[in-house]
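Turn these sequences into a full structure, and let the hints steer you where they fit.
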Amino acid sequence: EAQVTQNPRYLITVTGKKLTVTCSQNMNHEYMSWYRQDPGLGLRQIYYSMNVEVTDKGDVPEGYKVSRKEKRNFPLILESPSPNQTSLYFCASRWKSGNGYTFGSGTRLTVV
Amino acid sequence: GQQVMQIPQYQHVQEGEDFTTYCNSSTTLSNIQWYKQRPGGHPVFLIQLVKSGEVKKQKRLTFQFGEAKKNSSLHITATQTTDVGTYFCAGHNTNAGKSTFGDGTTLTVKP
Chain P
1 EAQVTQNPRY LITVTGKKLT VTCSQNMNHE YMSWYRQDPG LGLRQIYYSM
51 NVEVTDKGDV PEGYKVSRKE KRNFPLILES PSPNQTSLYF CASRWKSGNG
101 YTFGSGTRLT VV
Chain F
1 GQQVMQIPQY QHVQEGEDFT TYCNSSTTLS NIQWYKQRPG GHPVFLIQLV
51 KSGEVKKQKR LTFQFGEAKK NSSLHITATQ TTDVGTYFCA GHNTNAGKST
101 FGDGTTLTVK P
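Chains as they are written, first to last, in my numbering: chain P, 1 to 112; chain F, 1 to 111.
Hint data in this document are derived by calculation from the structure and do not stem from the laboratory. A quick note: this is a predicted structure, and the numbers were derived from the prediction, not measured. Errors might be hidden in some of the hints.
Claimed, not checked - Okay, derived cross-link-like pairs now, PhoX-like style, lysine-lysine, Cα gap no bigger than 25 Å in a straight line: (1) F:98 <-> P:57; (2) P:96 <-> P:17; (3) F:98 <-> P:69.
Printed below as a string of structure tokens:
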């Protein structure tokens, strides 16, 4: 089944403790992207990648890092999480040649 | 930077009534996409519009892209309870990797 898989689905952590949210897709998509979703603010793009080793900032990149060493994986790294990073995070991927993103099921992160 | 405004934020309708959500971009877009997110779910891609003035239909859903490629709309005819959810537009400029989502319109349908 074609899908984007994120892990974990839920995570509660403490301020300052480094964490990684994994994202993997099995559709050989070139583009991958991370979004955060907060009430009333829609989906805001954090980082995106247009291919292996090619990443760029979205609208809200502060406090996040990403890497794209393989085409299928695009992990999101929070080096020192803070409470304002409490949010619902979505990973997504799509073909370079158009059409929309396929989204993962989301990761609900709480930083206390 | 690019901004995409979407209105209304909420829409409550009686089943069978029509529904429209509007999207306006501060800049000219290369394309615009529409997504639907059911409560507790993830966004699901509905359609992409590319051409100026383009109109596409999916059953009871009609999507339009403005002549200036700065605005778009989604119209649902005769809403059903299965249409409940939040509808987002997402604008893309020449940098195809960068996407800007509207804040969404949440539709509730009363049976």
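The hints, checked one at a time:
no.: 1; hint: F:98 <-> P:57; in the structure: holds, 9 Å
no.: 2; hint: P:96 <-> P:17; in the structure: violated, 35 Å
no.: 3; hint: F:98 <-> P:69; in the structure: holds, 20 Å
Checked against the numbered hints above, the structure violates only hint 2.
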